[in-house]
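**Q** Here the protein sequences come in this chain order: A and B.
Just so you know, we're using UniProt numbering here: the first sequence kicks off at 1 and counts up by one.
Just so you know, we're using UniProt numbering here: the second sequence kicks off at 1 and counts up by one.
No lab work stands behind these hints: they were computed from the structure.
C-beta: ideal position from N, C-alpha, C; glycine also.
Accuracy of the hints is not assured; some may be wrong.
[Said to hold, decoys possible] FRET-style restraints, in silico, Cβ to Cβ:
1. A:123 with B:287: 44 to 54 Å
2. A:68 with B:98: 47 to 57 Å
3. B:90 with A:225: 50 to 60 Å
4. B:90 with A:367: 25 to 35 Å
5. A:367 with B:111: 51 to 61 Å
6. B:270 with A:86: 56 to 66 Å
7. B:87 with A:367: 20 to 30 Å
8. A:410 with B:97: 25 to 35 Å
9. B:58 with A:144: 46 to 56 Å
10. A:120 with B:5: 28 to 38 Å
11. B:287 with A:116: 51 to 61 Å
12. A:367 with B:300: 39 to 49 Å
13. B:98 with A:221: 24 to 34 Å
14. B:87 with A:221: 33 to 43 Å
[Said to hold, decoys possible] Partial chain A-side listing against chain B, Cβ under 7 Å, derived:
15. 110
16. 111
17. 114
18. 115
19. 376
20. 378
21. 461
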Amino acid sequence: MPVSGVSADATVLSVRQLTKLFGSFAACNGIDLDIKPGEIHALLGENGAGKSTLVKMLFGVLAPTSGTILWNGQTVRIASPAAARKLGIGMVFQHFSLFEALTVAENIALSLDDKLPLAQIAARASELSHAYGLPLDPHAHVADLSVGERQRIEIVRALLQNPQLIILDEPTSVLTPQEADRLFETLFKLRAEGRSVLYISHRLEEVQRICDRATVLRHGKVTGACDPRQETPASLARMMVGAEVAHVSAAGTTTRGEVLLEARHLSAAARTPFAVALKNVCLKVRAGEVLAIAGVAGNGQGELFDALSGEYPVEEAQTVQLRGKAVGRSGINDRRSMGAGFVPEERHGHAAVSALPLSDNLVLARYWSDRKAFLSGPLGLIRSGAVKAAAKRICVEMDVRKSGEDPAAGSLSGGNLQKFIVGRELDRQPSVLVVNQPTWGVDAGAASRIRQALVDLAKSGSAVLVISQDLDEIFEVASEIAVISEGRLSDAYPAGELTREKIGLLMGGLYGKTEGAHAH
Amino acid sequence: MGIFESILLTIATAATPLLIAAIGELVVERSGVLNLGVEGMMVMGAVCGFAGASLSGSPWIGLVAGVAAGAVFSQLFAVLTLSIATNQVATGLSLTLLGLGLSGMIGEPFVGEAGSKLPNLFIPGLSELPLVGRLIFGQDPIFYLSVILTVGTAWFLFRTRTGLTLRSIGDNPASAHTLGIPVIRYRYLAVLFGGACAGLAGAHLSLVYTPQWVENMTAGRGWIALALVVFASWRPARVAAGAYLFGGVTIGQIHAQALGFGIPSQFLSALPYLATVVVLVMMSRNKRLMMVNTPASLGRPFVPDR
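Start from the sequences, fold in the hints, and give me the full structure.
**A** In structure tokens, the structure reads:
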């Protein structure tokens, strides 16, 4: 489906002085952007730089406050996603706009404006997905699909409209390196057909690899327009962050102590039809060590965290060992009392109650393990003075920027709240810390602060287990790396011995786990 | 007409209001809205249906008045929960309380008045068939409507693009919004349909089931309809099965009470509720099926950001 040719210096899409205000806050402030036919154009920026707001305006989801959008030289008002699609703009969202309870074909049908019979849509989707190397079963339920497969639905859905411009929002954040390579092949194919791609990312390496031009955003403003291949990662990062990002000094501790956290042939059945069962997971974390568990989302990370933390105790007590004691049947408070700390994945609603102040969130997590400090008398009344002092101590220690003395957790930015909930555990000096996706959706400054804190904790003689999807993060903090895939955990390898390629293969489950072999 | 045939006839009459109210609520919940005001809308339908028939002299006008009352009443809920995004549970409960009170006030002059009953429709030829003839082709008009509504809703939800869109909104309104689907408008229409159905079910009570007005005459049927929808895992055919099971046991236990088996009558009266819940719980044990059919956004307000 080639697109009709346009003259060389023409632009498919131009944006002039585009601004979006939320109240008095300018999410996008006077943005200029030009996208030419047949180019892969990168939109670079930190979390919160305004990338998502910008593309939502381009796709008609948000209405701009001021500024103009030109499509093939004509001023247009994009009132709705349907209008955007009609112009020839396709969009692949970062948080997929998919319906889990519906089939692939039904999901695609919903985004098409012409009302074709479902069978015909299924046939066309299947044909198109194979042509672009993105195989899909149109009759599968979305809930049963992996994240990579879900992304394919979004891409095929966009391609079915025969778009001139395709916008991809952080497409590789959920993919294995191999899956990402396949995606790039597809993008090159689209470029060869004369289509344009707006590629949103904060990953410099892949932007340099695949993009022809780049526009960099910071705090809602354009801070640079360049050819990424002429730049260095450091110069791009400077444009993105505005300052040098502190480097995490890696763990690399040589003194390994005793095993503090261990899983022995840990298995757990899936609790819901769409959850992943843990299958014979073996791992050991020693004092002074950071074990990182890599893996693509939805491969049992959440279930592993639940089993290790005691959020859902497992059947057999001896399959989880904390400082040499069998704790598989114990709840989270008992495990905390034994010196363990846990930081779950979602900040809002899981790790913290958004509507409550920081001090209350502190009590909720530690009311049992720190009951002597935080509660008084037989009724267990909260000593608010002690709690507030502790909350303040954590904020100072982790450099949590907040408005007011004790604000609601929900009023903090993602990075600051994440620093608080990690700091809440570090404050206790836990001998074992289990943390799931410690820096997901957090800006680079906060992320490096959190990672450094994790490394420092290990250096001081604690055992740290980090579950993460971010390979950069894993290589920064880990002394040992294991990979989880479909509820199975690979052997652990010293971080220095692993390459990204090998981790990618492990993520795909290609390396067989040797039966009975333990993490060391 | 034999005794057996007349029992079956009354079963259909007992099941019809439940079925209609539940089908209406099913559509509402499939759009992600939980309207706990079914009982209130139903009782408004019952009183307005009766009043309309009494004042105009025509049960047909009563029927229209009942449907309209349910529909109008539901829009109160729609404005509050959809436009102002109030809590759906609290608003629905208030709607029920308001409906029960308001209907008592409207119905005051009609208490004790003899009502007029909607005539049964006999389909020529077919109603003369042996056994099933009278049963299927000689019923009250609302019975036929309930059949059409059930089949029509199933077809609409699972065979049409608009039905697919409605289900997608119930699954994930934020995604639907980003695809450019007018979420709030769909939800308004779904609530309107649910209200009209509840009104129709109420009108059935006061124009067919027991053609008179008694305060609080819905007697919890709205709640049963709500439970039916959940236990039937939001599928129209299962809702129908549940409604007829409830109707069957209701009529059965009345006859059992008359025959006097020596079982406490309170237990027998509770039996329809118990039987329906047990059977539907068994039916909804398939977790996967529940997962795929449960509207994931049920009860959560949605405010489009624009």
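**Q** The structure should be examined with respect to each hint, and the outcome stated for every one.
**A** For each hint, the structure was consulted:
Checked against the given bound of 44 to 54 Å, the beta carbons of residue 123 of chain A and residue 287 of chain B, roughly 32 Å apart, lie outside it. At roughly 50 Å, the beta-carbon separation of residue 68 of chain A and residue 98 of chain B lies within the given 47 to 57 Å, and the hint holds. With their beta carbons about 52 Å apart, residue 90 of chain B and residue 225 of chain A fall inside the hinted range of 50 to 60 Å. Against the hinted window of 25 to 35 Å, the Cβ-Cβ separation of residue 90 of chain B and residue 367 of chain A comes to about 30 Å, which satisfies the hint.
For residue 367 of chain A paired with residue 111 of chain B, a C-beta distance near 57 Å keeps the hint of 51 to 61 Å intact. Between residue 270 of chain B and residue 86 of chain A the beta carbon distance is about 59 Å. The supplied range of 56 to 66 Å therefore holds. Between residue 87 of chain B and residue 367 of chain A the beta carbons are some 28 Å apart, a value that agrees with the proposed interval 20 to 30 Å. Taking the beta carbon of each, residue 410 of chain A and residue 97 of chain B are about 33 Å apart, inside 25 to 35 Å as hinted.
Taking the beta carbon of each, residue 58 of chain B and residue 144 of chain A are about 55 Å apart, inside 46 to 56 Å as hinted. One distance hint, 28 to 38 Å for the beta-carbon pair residue 120 of chain A and residue 5 of chain B, is violated here, with the actual separation near 48 Å. At about 33 Å, the beta-carbon gap between residue 287 of chain B and residue 116 of chain A misses the expected band of 51 to 61 Å. Against the hinted window of 39 to 49 Å, the Cβ-Cβ separation of residue 367 of chain A and residue 300 of chain B comes to about 29 Å, which falls outside the hint.
Here the CB-CB span from residue 98 of chain B to residue 221 of chain A is close to 52 Å, at odds with the stated 24 to 34 Å. Separation of residue 87 of chain B from residue 221 of chain A is about 40 Å and conforms to the stated range, judged on CB atoms against 33 to 43 Å. Given hint, residue 110 of chain A at the interface with chain B, holds; its Cβ is 5 Å from that chain's nearest Cβ, closer than 7 Å. For residue 111 of chain A, the shortest C-beta to C-beta distance to chain B is roughly 5 Å, which falls under 7 Å, so the interface hint holds.
Hint status for residue 114 of chain A relative to chain B: violated, with the closest Cβ pair at about 10 Å, above 7 Å. This hint holds: residue 115 of chain A has a C-beta 5 Å from the nearest C-beta of chain B, less than the 7 Å allowed. Look at residue 376 of chain A: its Cβ only gets to about 36 Å from chain B, farther than 7 Å, so that hint breaks. A least Cβ separation of about 36 Å between residue 378 of chain A and chain B goes past the 7 Å threshold, and the interface hint is therefore violated.
Residue-level restraint check for residue 461 of chain A is violated (minimum Cβ-Cβ distance to chain B is 45 Å; threshold 7 Å).
Consistency note: the structure conflicts with the earlier hints numbered 1, 10, 11, 12, 13, 17, 19, 20, 21.
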